[in-house]
Amino acid sequence: MAARKSCTHLTWSEAKAKVGGGGDSAATKKKSEPKKLTHVEKILAKNGASSKEQQQHKTALRKQYKQELRAAAAAKRREEERQKAAKQQLLVQKPYQQAKSRLQELATLVAQKDNNNNNNIDANVGEEEWNNVAQCKEMQLDELAAVEAMYGLEEGVFMLHSGIDLEELRENIEEWQSDQDNHDLLRAVVEYPPISFTLQLDIEDCCPAATTTAADDGTTTTTSKNLRAQLLLHVVFPPLYPLVSCAPPVFDILDFYVTDPEEVCNADKALRSLAHCDQTKVIQDMEQQAREELLPDPCIYELTTTWLADHLKDYVTVMGHLQ
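The sequence shown begins at 1 in the working numbering and counts up one residue at a time.
None of these hints come from the bench; they were simulated from the model. Keep in mind that the hints are not guaranteed to be accurate.
[To be verified] In silico DMTMM-like cross-links for lysine to aspartate or glutamate, where the CA-CA straight-line distance does not exceed 20 angstroms:
| no. | residue 1 | residue 2 |
| --- | --- | --- |
| 1 | Lys94 | Asp202 |
| 2 | Lys94 | Asp268 |
| 3 | Lys94 | Asp255 |
| 4 | Lys113 | Glu68 |
Computed from a predicted model, the values in this text were never measured in an experiment.
Model the full assembly from the supplied sequences, consistent with the hints where possible.
What follows is the structure, given as structure tokens:
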């Protein structure tokens, strides 16, 4: 009875002491223990960035992302502005540029046409006449090389007829010069098609012009305009040019416009010249100038660059509202 009493009637302190005492449960001990890291977490903790560095990296990424968004938005605005400007360009045009394009198109058509001109050399004329023609052909090639050097830098300004092979003609001349007794070589030079080409000329200050505007108070303002003449000049070298004074180049003005380089108009507005030109009189006086003043020297550069620039205004009449 005494032993049973000692086992069943224990005080609270005695029971705690018998179990292991101290008042700390297993759960309490587990909470107090530090968390064990996995192998991967240990490597990252040892070699990885600190929390501060990780935060800085995140901040930098957010900043970069915002910058990319702003750059994309700016690029979109620029593209929209470019498209808007392109659409606006389709709605308006400059008559000056339109005239230039039209002359280039015409020059291309002329260059592609069949060259039906002939040298008009009688096969029964003497050998001396044939020799003169061959000598003129050589001089024409030299002058044409100079003309091409001056006007050929811009596409479409100088256009040679597509049926003319200058290298072939020069080779024929050189072969004949090395064997001048060979009549077949001389005939190949003499009967070669005449050299023809076009020049697109742009002449400023071709004629004085001004516009007058009236204000509400009755005063008027006169504004001078810088008009430019644009023309397509077709040139053919006769067989005996330039040695014979009665054989100047054959000129023809294929098209002619006077425009204001600063003027802008609707795209559907028809192109029209702001002035008229007495083209027949211009051609007559150019040929007379060549015969009386320039031949037997080459005359293309002098006529197209100097003479026309100085005298074209004498043959041009501006429209009434510009006088």
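Which numbered hints fail
Of the numbered hints given earlier, the structure breaks just one, which is hint 4.
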